[in-house]
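Protein chains: 6
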Amino acid sequence: MDTRDLYERGLKLRKELFGTETVEKRMHSLGEFGAPLQQIINAYIYGDVWSRSGLTLKQRSLAMLGITAATNHLNEFRVHVQGALTNGCKQEEIREVLLLVAMYCGVPSAIDAHRIALEVFNAKPAGR
Amino acid sequence: MDTRDLYERGLKLRKELFGTETVEKRMHSLGEFGAPLQQIINAYIYGDVWSRSGLTLKQRSLAMLGITAATNHLNEFRVHVQGALTNGCKQEEIREVLLLVAMYCGVPSAIDAHRIALEVFNAKPAGR
Amino acid sequence: MDTRDLYERGLKLRKELFGTETVEKRMHSLGEFGAPLQQIINAYIYGDVWSRSGLTLKQRSLAMLGITAATNHLNEFRVHVQGALTNGCKQEEIREVLLLVAMYCGVPSAIDAHRIALEVFNAKPAGR
Amino acid sequence: MDTRDLYERGLKLRKELFGTETVEKRMHSLGEFGAPLQQIINAYIYGDVWSRSGLTLKQRSLAMLGITAATNHLNEFRVHVQGALTNGCKQEEIREVLLLVAMYCGVPSAIDAHRIALEVFNAKPAGR
Amino acid sequence: MDTRDLYERGLKLRKELFGTETVEKRMHSLGEFGAPLQQIINAYIYGDVWSRSGLTLKQRSLAMLGITAATNHLNEFRVHVQGALTNGCKQEEIREVLLLVAMYCGVPSAIDAHRIALEVFNAKPAGR
Amino acid sequence: MDTRDLYERGLKLRKELFGTETVEKRMHSLGEFGAPLQQIINAYIYGDVWSRSGLTLKQRSLAMLGITAATNHLNEFRVHVQGALTNGCKQEEIREVLLLVAMYCGVPSAIDAHRIALEVFNAKPAGR
Numbered sequence: 733m734d735t736r737d738l739y740e741r742g743l744k745l746r747k748e749l750f751g752t753e754t755v756e757k758r759m760h761s762l763g764e765f766g767a768p769l770q771q772i773i774n775a776y777i778y779g780d781v782w783s784r785s786g787l788t789l790k791q792r793s794l795a796m797l798g799i800t801a802a803t804n805h806l807n808e809f810r811v812h813v814q815g816a817l818t819n820g821c822k823q824e825e826i827r828e829v830l831l832l833v834a835m836y837c838g839v840p841s842a843i844d845a846h847r848i849a850l851e852v853f854n855a856k857p858a859g860r
Numbered sequence: 733m734d735t736r737d738l739y740e741r742g743l744k745l746r747k748e749l750f751g752t753e754t755v756e757k758r759m760h761s762l763g764e765f766g767a768p769l770q771q772i773i774n775a776y777i778y779g780d781v782w783s784r785s786g787l788t789l790k791q792r793s794l795a796m797l798g799i800t801a802a803t804n805h806l807n808e809f810r811v812h813v814q815g816a817l818t819n820g821c822k823q824e825e826i827r828e829v830l831l832l833v834a835m836y837c838g839v840p841s842a843i844d845a846h847r848i849a850l851e852v853f854n855a856k857p858a859g860r
Numbered sequence: 733m734d735t736r737d738l739y740e741r742g743l744k745l746r747k748e749l750f751g752t753e754t755v756e757k758r759m760h761s762l763g764e765f766g767a768p769l770q771q772i773i774n775a776y777i778y779g780d781v782w783s784r785s786g787l788t789l790k791q792r793s794l795a796m797l798g799i800t801a802a803t804n805h806l807n808e809f810r811v812h813v814q815g816a817l818t819n820g821c822k823q824e825e826i827r828e829v830l831l832l833v834a835m836y837c838g839v840p841s842a843i844d845a846h847r848i849a850l851e852v853f854n855a856k857p858a859g860r
Numbered sequence: 733m734d735t736r737d738l739y740e741r742g743l744k745l746r747k748e749l750f751g752t753e754t755v756e757k758r759m760h761s762l763g764e765f766g767a768p769l770q771q772i773i774n775a776y777i778y779g780d781v782w783s784r785s786g787l788t789l790k791q792r793s794l795a796m797l798g799i800t801a802a803t804n805h806l807n808e809f810r811v812h813v814q815g816a817l818t819n820g821c822k823q824e825e826i827r828e829v830l831l832l833v834a835m836y837c838g839v840p841s842a843i844d845a846h847r848i849a850l851e852v853f854n855a856k857p858a859g860r
Numbered sequence: 733m734d735t736r737d738l739y740e741r742g743l744k745l746r747k748e749l750f751g752t753e754t755v756e757k758r759m760h761s762l763g764e765f766g767a768p769l770q771q772i773i774n775a776y777i778y779g780d781v782w783s784r785s786g787l788t789l790k791q792r793s794l795a796m797l798g799i800t801a802a803t804n805h806l807n808e809f810r811v812h813v814q815g816a817l818t819n820g821c822k823q824e825e826i827r828e829v830l831l832l833v834a835m836y837c838g839v840p841s842a843i844d845a846h847r848i849a850l851e852v853f854n855a856k857p858a859g860r
Numbered sequence: 733m734d735t736r737d738l739y740e741r742g743l744k745l746r747k748e749l750f751g752t753e754t755v756e757k758r759m760h761s762l763g764e765f766g767a768p769l770q771q772i773i774n775a776y777i778y779g780d781v782w783s784r785s786g787l788t789l790k791q792r793s794l795a796m797l798g799i800t801a802a803t804n805h806l807n808e809f810r811v812h813v814q815g816a817l818t819n820g821c822k823q824e825e826i827r828e829v830l831l832l833v834a835m836y837c838g839v840p841s842a843i844d845a846h847r848i849a850l851e852v853f854n855a856k857p858a859g860r
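So the protein lines, in turn, are chains A, B, C, D, E and F. In short: position in the first sequence from 1, add 732, done, that's the numbering used here. In short: position in the second sequence from 1, add 732, done, that's the numbering used here. In short: position in the third sequence from 1, add 732, done, that's the numbering used here. In short: position in the fourth sequence from 1, add 732, done, that's the numbering used here. In short: position in the fifth sequence from 1, add 732, done, that's the numbering used here. In short: position in the sixth sequence from 1, add 732, done, that's the numbering used here.
Be a bit skeptical, because a hint or two may be false.
One copy or two, it doesn't matter: identical chains are merged, so the pair holds either way.
To be verified - SDA-like, lysine to any residue: derived pairs with alpha carbons at most 20 Å apart: (1) 790 to 823; (2) 747 to 808; (3) 744 to 759; (4) 822 to 791; (5) 744 to 851; (6) 790 to 772.
Please keep in mind that the hints were generated in silico from the structure rather than gathered at the bench.
Work the whole structure out from these sequences, hints included.
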């Protein structure tokens, strides 16, 4: 497959998951300097890995919440809370992942993640 | 609820997930010194967090694979690959989580996790 | 022991360590969504682990400063600087832990922790 | 060598790398409490390790960008982007290191580092 | 560019850097299960990121030593010590990166990395 | 103070803490390549930071157990369990630190640390 097609497929999926405005704002903020990184994100992550069969988008979101909360990458976690809501995760399901993070990665990461999740929920009251 | 009941409920679930022999061997290896830690694991993790409704055991396993691979805790990851197979995860589903880990946590953690997963699969050929 | 008693015992200790106002503000900020996490924090961490004999509160604080600075969990570190002052740690003792962090975890974590510690000291001039 | 000489040599190099004003502001912000940490930074890091032969300052900067971006220490990364520009790194070279970070440590750390790097570039347009 | 060409280009470079035998052994050990991960490694990492202009292979190696030692990924670090020798790094240059790791990430990671580096040097006495 | 005196003072303290044989074996294993790292360890860590007043050796050990267990640096943790026993820590006190690690850094790190601690205790039955 041509990497340009991979890029287009990934960008389309990414916008469906997180919203066109959010994605364009994030891409714009890194400008031309960030173009090779956008290639990685759009083509390789969303065009390839996220576009694979084998897990539903909701299952991927549950794993992503665990991955990003466990590594305390809060900006990325915030984006994936939005994606999880889009993919049909309920707030209660998101919380269950964070309780696993509390016990397997320690409570400080879980507290940080709770705070971010609540900010997303409150900014998007229809998200549930 | 009494913490002794929490402990018994958790220990029972833990044995269902990972096998009686594995759990008893792990508990025995830490001896009396490890008793307070076993209280945390059996009562608080498996008796409380894992016993909650809100996610299926399979969904919890998918999140756990992401959490333990992301933090490169390979001994714990190994246990949760076994648990994931018990909870109905297919090898292909486990792999999809590890590909997310590759892109969001870097390939070294994903390579380590692939190796451990294959060791579990090969030791337990009926696990798929 | 009943987990509700564990919870009450932990909440009481937690307020003694960090101040009633601080604890209530933190609990309130996570709301009902955060109730299961508060169960972990109040009952299991402060009601069980911190309530054990075996170390004095001051010794626990010294260990906690090392643990939270080493993992660069700055929000949690801030809380435990306050707790350390309550438990009788002098500013000089807190600094010694951070110098160990500098050499065993690298100077960037130690610089971050110095900054937070000074913010706590300056907000609470009688804390020494 | 006397540690005071090591300190003076390191402080001089540090100011050349990051600018006198930046270094003095950072030292001042930690005050007397931070004096032993400044000893580590000035004497041991810049007076000893950075003053060694074996690598050019530009090569050290490339390694430092990788080290600080990989560990997501963004305050320290920011300082070393400035140092890298001083040591003759081009923006394009800095980006290449961050693309390695993306693949070996995951994209969230790379995104954070891109953002900080752009802030430094934009604050210092003659830096390229 | 077609992703199959990216894959071939990357695999070729990877073998030049680390040796054909090492690469084939590593690819074989993950088998068919590891095929999608090999796609990421061969096509995206070595076919794209490592094949970019902007840094020499030696400069990339210096950054990689810092990145993998800083994150304590010792298996990956071992591979990149071999790659660094291939790319013309001297043992003394490798050591300088590890001394930076000692001060910015703590001595335990630097001790681990020294041990691995010496194992590679001793297995390959002509590597210097 | 001359850095050679710092080195000698640190080496002497280090041997008192961990045993002459252990220290010489560790220094020997890194050979001449490791000499600059030994300078950091002996002169800067043990000759300076550990030789400061402000905390007793036992208090330093309690902090070190937390720091090294929290970052899952198991080789270094093992050494500091030995040092903690030398400095008068009881096995029960060491365990209390590890229970804090369980809750603030997650149980996988605490399980690893329990295992190493028991190995040290069993190799040195008079250490309690």
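With identical chains treated as interchangeable, where does the CA-CA distance between residue 747 and residue 808 reach 20 Å or less: within a copy, between copies, both, or neither?
For residue 747 and residue 808, only the intra-copy Cα distance (15 Å) is at most 20 Å; the inter-copy one is 33 Å.
Given identical chains, is residue 744 near residue 851, meaning Cα to Cα at most 20 Å, within a copy, between copies, both, or neither?
So residue 744 and residue 851 fail the 20 Å test inside a copy (26 Å) and across (28 Å) alike.
Since the copies are identical, ignore which copy is meant and state whether residue 822 and residue 791 lie within 20 Å (CA to CA) inside a copy, between copies, both or neither.
both (12 Å within a copy, 13 Å between copies)
Check residue 744 against residue 759 for me: Cα-Cα at most 20 Å, and say if that holds within a copy, between copies, both or neither.
This pair counts as within: shortest intra-copy Cα distance 13 Å, inter-copy 32 Å.
Checking residue 790 and residue 823: alpha-carbon separation at most 20 Å within a copy, between copies, both or neither?
both (13 Å within a copy, 18 Å between copies)
Measure nothing new, just compare the shortest in-copy and cross-copy C-alpha distances for residue 790 and residue 772 to 20 Å and report within, between, both or neither.
neither (22 Å within a copy, 23 Å between copies)
Hint compliance for this structure: hints 5 and 6 are broken, all remaining hints hold.
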